[in-house]
Each structure stands twice: as structure tokens, then as C-alpha cells.
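**Student:** Spelled out from the first residue to the last, the chains are:
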Amino acid sequence: MNILTLIVAIPFLAAAGVALTPRREKDLAQTIALLASGATMLLAIALFACFDAGVPGFQSEAHFPFAQALGIWFHFGVDGVNVGLILMGAIVGFAATCVSLGEIKDRQKEFYILLLVMIGGILGSFASLDIFMFFFFHEFALVPTFIMIGVWGRGVDRNYATFKITVYLVVGSMISVFGLIALYLQAPEPRTFNMAELAEIFRDNPIAVDRQNLIFPLLMFGFGILVSLWPFHTWAPLGYGSAPTGTAMMHAGVIKKFGLYGLIRIALPMCPEGAQNWLHVLAFLCLGNILYCGFVAMRQRNLNLLIGNSSVAHMGFVFLGIASLTLIGVTGAVVIMVAHGLLAALTFALSGRLYNQAGTSDMDKMGGYLKQLPFIGTAMVMAMMAGCGLPGFANFVGEAMVFFGAWNAFPGVTVLAVWGALVIGGVYMLRAIRDILHGGENAAHKVELSDAADWRQRAPFALLLATLLLFGFAPRLLTNKIQPAAKAIVDAANGVSVRQVEVARLDGAEVAGTTLENVE
Amino acid sequence: MDPLSWTIWIALFLPLGAAVAIALFARANRAASAGLSIGAIVGAFILTAFYSVLKGLNKDGAVESGIDWLSINGSAPGDALNVGFGVLLDPLSLMMLLVVTGVGMLIHIYSRGYMKDDEGWSRYFACLSLFTFSMMGIVLATNFVQMFIFWELVGVSSYLLIGFWFGKPAAADAGKKAFLTNRIGDFGFLLGILLVWSAFGEVSFSVLADDLAHGGNKLEGMGKFGCVPLATLAGLLIFCGAVGKSAQFPLHVWLPDAMEGPTPVSALIHAATMVAAGVYMLCRTIFLFDDFALLFIAFVGGITSLMAALMAVQQDDIKRILAYSTLSQLGYMVMAVGLNGQGEGATAAMYHLTTHASFKALLFLGAGSVICATHHEQDIWRMGGLRDRMPTTYLTFCIGTLALMGLPPFSGFYSKDAILSSAAPWISEHGNILLFVIALAVAFLTAFYMTRLVYVAFRGSARTDHARHAKESPLVMVAPLVALAVPAFAAGWAGIDGVFGDHFGAHVHAHGLVAHFVGPIEHAPFVAAMGTALALLGWYLASLLYTDVESDPLPEKLGALGFVATLMRRRFFIDEIYNFVFVAIHDAVARVADWCDRWIVAGLLVRGAHGTTELVGRIVRMFQTGNLQTYAALSMFGAAIVAIVFLLG
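Chains A and B, in that order, give the protein sequences.
Okay, so the first sequence: first residue is 135 according to my numbering, each after it adds one.
Okay, so the second sequence: first residue is 14 according to my numbering, each after it adds one.
Just so you know, these hints were derived from the structure itself, not from any lab.
Glycine included, C-beta positions come from ideal geometry on N, C-alpha and C.
Treat each hint with caution, since some may be false.
Covered stretches of chain A, as calculated for chain B (at least 3 residues, CB under 8 Å) [claimed, not checked]:
| no. | segment |
| --- | --- |
| 1 | 196-204 |
| 2 | 381-388 |
| 3 | 456-463 |
| 4 | 568-576 |
Chain A regions said to be covered by chain B (calculated; three or more residues, Cβ under 8 Å) [as the list claims (entries may be wrong)]:
| no. | segment |
| --- | --- |
| 5 | 184-191 |
| 6 | 242-251 |
| 7 | 429-441 |
| 8 | 478-487 |
| 9 | 620-627 |
Can you build the whole structure from these sequences, using the hints too?
**Tutor:** Dropping the structure here:
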């Protein structure tokens, strides 16, 4: 069996396995979940290591029929864009399982079933080269989120949070599914859901510009809502604040990247004209994420809301990279997707641990924790530093690339984005360190904290940090793999405009006229 | 690749290895942590010295070796980013590296004594090694992006070390302030890098320098932004980075607060090396600055040096006096860079940076010795009479003071004279006497406040019990003082200016030891005499005021001008102004954004959508009564409307 198929299948099989375990065997459910997510992670590392950037097209491909009459296949395959995401997703999945072991005390069996379905669903979505399965798997990952927040969530707001996140994400999914169906219908009969085939079809016979102009915004806003694009972001901080730690890690880290991946993989190459006409809107909306949500994060006194808002703010850099439509920017966007996935998982794991021990996420009630928590505190300082773009962590590489990529296209936006990254990000991250870890002990709220003492407790944090540092020190491990695939996408998205430039150059004076003709 | 350059690669990664090894394996082992950290920097110093001796410090032997760190090449023009990671070995970087590792080595050793009772011992040495690695990275960087990376790493290691005693709120706040103030400077730096990259498609220093040296005036070819030439804008933005890191006005506010860190850290990071990184960066990229940018740089440096010297006159904390003095001397160097001319300015700046590193580190370590001996007393008015009880510290402190005052034949005299004589031509060339006057005024003020410090802290009679019972520090702390006193005394005759002069293509007048010794007097006797006379005047006036006094007589003596003393003491209220401008405004905007998020985006829109849906539900539910007659009536009503529409339509 092909390695990629295994990566997707193992979590689902394990979920079925956990479902069959007797309820009183709590340890068995945990063990199965841990082994399955660990195996998935090892296979994903192997997949990443064996991926050969020199080979064009997709690697580790596998096909199984699902509904042939409709042209729907289980069709898996990786190229540079999704191989890193699968690696990140599998690592976060394992870390989330590790963290949940200590946190989830009731209905463990159900929790691990849902967690495994979530892991398998999102990995399946990233691995799928069939638009239908791409979406179908995503729903597998999404639905458990709602249940997990409702059942194992925390805080007084959790019912409202469940309601809000459900409404938002369902609406987002709906809009993007309209866009995907509209896209599917543009291809001639016999229709296919195969991404590669569709991309070829639309490259040779572009969709009419007025239709692209309708389809692209459907995809952009639909996927955008799923990624908490400003101003559709308010579900995210609240939802993550109320979610159990493992769920927040998986959703903020991995599942949220689905929308971005869809934009890059489907919307850009298939609707290039639509992209040209709409991406400047995205470039301005991304400032809403970076600046506005950054400012909101500055005001938060609740650690979970702070990192939730900062996670929303970081999505702005990815949007900016996509909007730049340059190879540097799009590659940088993919690097941030990987880096942010690891970082968001790390920060939510840390804040979840603090919440479980201190009984609160209110930073006014914390202070001086670093003395009691040398390991967790150091990991937190590193995570906060990574969050404000410190070199050495992969996030810096991605953000810097986005700035380089976007500079020529949107200089004004880039200036503000740099301010958001360096100054605003620095302010709220350092304030959090100051309030939680530094300073004297908070006399009014003394708590007994226990540091992660043994390697089993340290493993998830160490794993996430090590991966961030690895890609931060040697970004070529990632960028060299991303580059060829991203180049194909960027070239497809720019194809029309490059032709326009050539025609315009040939015809000199009649620039406007020829451009229009060429487009039609 | 030049095989010898491997020695420098190894030297660069030794401290990182030490930091990682301490963090992972030696947290509980005090001897091993200190040994690793000190061993790494001693190794780095020996390797650097070995390389420098073998290759010689001349421009022709310059070597660049590196690897591809990031390489993106798109199809569209301008869609390419190639960033290397390497070491650039020329007289400028090697000399700077010798300073960083040499002074750093002594400070590492001194730390063993100063920090001996601290529970964070291993963390301290790990951070110190991390800092050394980052600083060496800045010095060796081959391109802008690599420099920016290490620039930020230096910032974070400084943050960790300032906030080393994080349990103390003041220390934690000072670390935060330093990091964020630097971030404001880095914002400009990064934009400057982006601007240069988009104009030339390159970030490598050597390629950019070649590009600009050949083929006409490419700086002007960059075009304009509004009425501002892009070259000027790029230069000023890059200078922002130096303003932050070298604590120039208006971003100088973090440095005095940074004195909350352990004293050896203040000596290493906030006096000798990190704060000099801004000056080094300007010299490294000197080819990018056009005339206007240089003029601006010169004035920022001049203003900083004068203002900081004035503030130093009325400080009472021994470390803060030295901190303001550092600000002032950094301003001096930055001013020299701005007065570049034919490379003389950059030469003078790097020369002063080198000598300053030794004598300022000496002064800080001396202050640390005093602080240790008086049980962590930092107020000079609570010291006094230490001369007799701490003779070695006193003697070396005096050597440092004389060097800082710039009196011959101490090292500071020669480098200060180099700066003064690069300011002097300006009077004739630009008809502008202002910068020369500022430079002289700073020379006077420096002598004044340093004399005040020495007379109040070391002479007279002891004013507290702690001062009365002070003892000389142990050998591990005194030995580095003596070792630093040697270059502080004699570095002026060693021909360091020749090395930098060769690098920048500037004409340096003296060759040989004797010629160096008398160089300034031969070459520009008037300038040398003016500088020395003003320093002596400062010494004399301060000695009149501060011999055997119990409290500061200056505010009284100024009489009606007493508010000047208050201004100096309160640092011209710049911190208060900032607190309002930056902190309050950012917080106000954040408050508005948060309010919008709570009440408009989340409240009105989301709850509004929710409410509308619910309202529709309620209205529709009113019709679902389950009563057959109502349904029948409603369908009749509907059918009637349809019929009417049909008939009328």
C-alpha cells in the first residue's frame, strides 16, 4: 500500500479500532490513539524526507474509485505545496494526542475517536487531488470540532462559542462549496473533479472572465471565512478559547490551513483573471487581520484570547503572500502555513497546560511563573518570540519572504504589515511574557504549578519547537520542495497577464484595446 | 573556498554550540556551564587571532565564503531572492571580531567572580554565549538579510540578559522596553533592506558595493518617492536600524534602563559590543549613503552625543552615568560616520569604537567591582573614599577615565582626535561650525562628569558603612581589569587606524610606533590642542566643585538656571513624552479596535445576523399553528393575491 494512503487511512482505522474497545479500557483507547498518530507522523516524516523536488508533477500517487459516474475518485498525491502541510499536520496530530492524554478525563473513548477522525480527515483533505474528496475529507475534520467544543469545552461561553463557530464555518464551507461546484460546471463534459486535469483544462480553455470574476470571490470569501479573514474572524479567538487543548491545536494549527491551501491550489491557477481582479481586495483585507486583530490582541487580558487573536493576525501574512502573486510571496505563504501550524499548536498546548494547572487564563491573576516552570516557561518564551517573528524560527523565514514578495506589488500594505509583524506583534507577545512569566509572584492568586518533568510530558513541546527551529535554521529544506510546485501555480495565475504584457509591448500605442481583446 | 576561512566558521559556531550544550546538558552543573561558555569564546578569540596573523589585516586578503541559505527564482522579472549565509573576512570585520571576542573573553572570565552566588548561573552563561554567537554573526554577515537575522538575535539575547533577574519588575520592564524600542528601529531597517533589494535585486554587501562602484551614479538612478530621492530614503531607513541598536536620539531611551541587567552584561553588551553594532553596520554599508543621508546621520549623532553628555552630568547611579556616557560616545561615532568625507569619518568611527570598547568595558567592570564590594550599592553619593580600600580597581578605573576624557597619551585621545579632525574640515567645506563645536563641547562635558564620578565615588571620605568596609575584589575580577587597562592605555599607538584607513581607502598619516605616538600633534596640532585643553578645563572645573562634598553643589551654583539641572536629571523628560506618544496612542488605538470587535463586528453584525435569523424564525412560526382552518385561510389569501396579480398584470 502506498505511503500516502497509509497516512490517511491509519487514523481512520484507528478511530474504528477505538470505537470497538470496551468502555472501561480507557488506557487502550489512549494507547491506540497515541500509536496511530505516532505512526502517521513517522510515515509523514518519511514521505517528506523521500520527496524529490526535482521530479515534476505529483508523487506517491494513488487512485481508488469512489463514484466513477460522477468522476469522483479517492486520488491522493503530493507535490511541494502539500507535502509540508501533511508533515505539519501529522506532527501536530501526534502532539495534540500527547497533550490530550493528560487533559481529557471523561468520555475518553469518544474524544479519541473524534480526534483521530479529525487527524485523518484533514490529512486526507491535504492529500486529495480530487476536489470532491478534498472538500469531503475537510468536513470529516470540521464536524468533530463543534462536538468537541460543546462536550469537552471550557468556560461559561462555550455554548455560545460552539454556536458561533458552527454558524461561521458552515457558512464558509457553503460559500466555498458553491464556488467549487461552479468551477466544476465550467469544464466540458465528461466532467472531472481531478485537480490536475481541471487545471490543464482551464489553462487551455480559460473560463470566461465575467464568470471568473464571480467564482473567484466565492472561493476567496468562502475559504477566507474558514481561515478567519477579517472581518469574518470573530469566531476564531472565542472558539479556540473555549475548545479543549487538543482541538484548539488541531483546528488553529492544521484545519484552518485548508482554506489557504484551497486558495493556492484551486483558486489561483484555475481563475487567474478573477485572481488578478480580486487579489488587491484580499491585500487590503489582510491588513484588517494584521493590524486590527493585532491591536485587539494587545488589549486582551485572557491568554487564550490573546493567542487566538494573534493567530488570526498571522493569517494576514499568508493572505498577503497569496495576494502578491509572486513566487517569493506564495512560497513564503506556504512556509508560514507550515510554521504557523506548528506554532499555533505549541502556543495552545502551553496555554492549555497553564489553564489546567492554574485554573484560569486571566493574565491579571498570573505572574512570576518562570521560577516554578523552567521548562514550560522557556518553551513559552520561545513560542512567543517565534510569534513575533524572531529569526531562527520558521515563522521569520515565511514572513520575511512575504514582505519581499509583496513589496513591489503592494508597498504601502507591506509597510503596515512590517509594522504589524515587528512592533505590534512584539508588544503583545512581550506583554504576555512579562505578565505571565516575569515579575514577582502574584500574591493574590498563589497556585502550585508543576513543570513538565519527564520526557513524556516534554515530548510534544520539544517536538514542535525542534521542527520550528529546524525550518528556521535551514529553510531550504522546505522552500526547495515548495518552489517548483508554487512556481507552476504562480505562473498559471500570472499566465494571462504575462501574455498581456507581451502583446502590449508589441502593439505599443493600442495597449488598452489589445489587452481587452486578448482577455476575451 | 579558502581553507583558512574554516577557522572563522568554527569560531562563529563555537559559542552557539556552547549555548546549546549548556541549555541541554549542563543546566545543573555550574563548573561545566562556565567552562563551556568561557572555553568557546577563548577558542573563538584564538582562532580569530590566528587567522588575522596568518592572513594579515589588509584589504587585498579579503575573503568571502558562504552557502546558499534561501534561493527563490520566479519567472517574472524582480521575482528572485537569493540570500547567502557566510562569513565576510576583511580588515573591518576581523578587527571588529577581535574586539568582540577579546573584550568578550575578559568579561566572560570576570563574570565567574561577579555572578558567583547567583542561582541562574547556567542560564547566564548560556545567554552570554548566545549573545556572542549573534554578535559574531553581525560582524561576519555577508548580506543584509543575514545581518538582519543576527541583528534580531542580538536583540533577543540582550532582552534575555537585561531581564536576567526577571523576578524584579524593573528588570523585566527594562528588557521589554529595550526589545520593543529596538523593534521600532528594526522596522525602518527592514524597510530599507526591502527598498535596496527592489532597486538592485541583491542583498549581498560585496555585490552591492561592486554594483554601486561601477557604472555611473546608480544611487540617483533609484528614482524618487514624491520629492525624496529613494537613495536618501533607503539610507535613512537603514540608519533607523542603527538608531535603535546604537541607542541614538530619539530611540536612546532603552539604554539607561538596560542597566538593570548584571554589570558584566552592561559592560559587554551595552557598552563594548552590541551597541557598537549600529556603527559597524553603517560602516559596512557606507557605500549606500548619499550626501543628504550622511548629513542627517552626522546631526543625529551630534545631537545624541551632546544631549547624553548633558544628562550624564546630573545622574547619581554609577552605572547610569556610564550608560549616558556610552550614549554620548556612540553619538560621537555616528557623527563621525556622517562626516565620512574620503573614508576618514568611517575610519575615525571604527577607531573610536575599538578604543572605546576597551576603556568603556574597563569602566563598567570597575563599576561592577565597586558595586560588589559595597553590597550592591550603585549611588555614588553613598560611596566615597574607595581609593584606599580598592587600589587596583581605583587605578584601572582612573586609566579608563583618562582614556574616556581623551587625554594624551591614553588611547581615547587618539581616536577622539581622529573624530575631531574629521569634523574640522567641515568648517571650511560647508561653512558649518556647529558639529565641530558640539564635538568640542562633548569633550568638555565628558571630562566634567567623569571627574565628578571619580571624585565623588573614590576620593573624599566614606559616606556609608558599606563604603567604609569595602574590600578589593578577588583576582578573577581584578585580572580582567588589569588586562583591559593595557589597551585602554596603549591602543592609540598600535596603528589600529591604519587598518581601518586601509579598508576605507582613507589617508592615514602616521606609520610606526613613535610616529603614531605624536601623530595627532604633527598632523593637526590646533585640533589636538583644543580637544585636550577643553578636557583639562572640564577636569579642573569638576575638581573645584566635587572635592570633598557631601551632596551635589551644581544645582545651587547654577542659581537661576537650576531648572537646567532638573532637565538634565530628568533626562529632558523624553521618557515621559514617549510614554504618551507611543504607549498611550498605541493603547488608545488598541482600545478602539477591541471595542469595535466586541460591539460592532461581534456584537452588531454577528448577533445581528443571529437575531435576524431568529426573528424570521419566530415570524414564520406564528403561521405554523397546526390549525387546519388557519392554513386553509392562508392558502386562500395567497391564492387571492396570485389571482389579483395575474388579473391586473
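**Student:** So, for every hint listed, does it hold in this structure?
**Tutor:** How the hints compare with the structure:
no.: 1; hint: 196-204; in the structure: violated (count 0)
no.: 2; hint: 381-388; in the structure: violated (count 0)
no.: 3; hint: 456-463; in the structure: holds (count 3)
no.: 4; hint: 568-576; in the structure: holds (count 5)
no.: 5; hint: 184-191; in the structure: violated (count 0)
no.: 6; hint: 242-251; in the structure: violated (count 0)
no.: 7; hint: 429-441; in the structure: holds (count 5)
no.: 8; hint: 478-487; in the structure: violated (count 0)
no.: 9; hint: 620-627; in the structure: holds (count 3)
The structure fails to meet hints 1, 2, 5, 6 and 8 from the earlier list, while all remaining hints are met.
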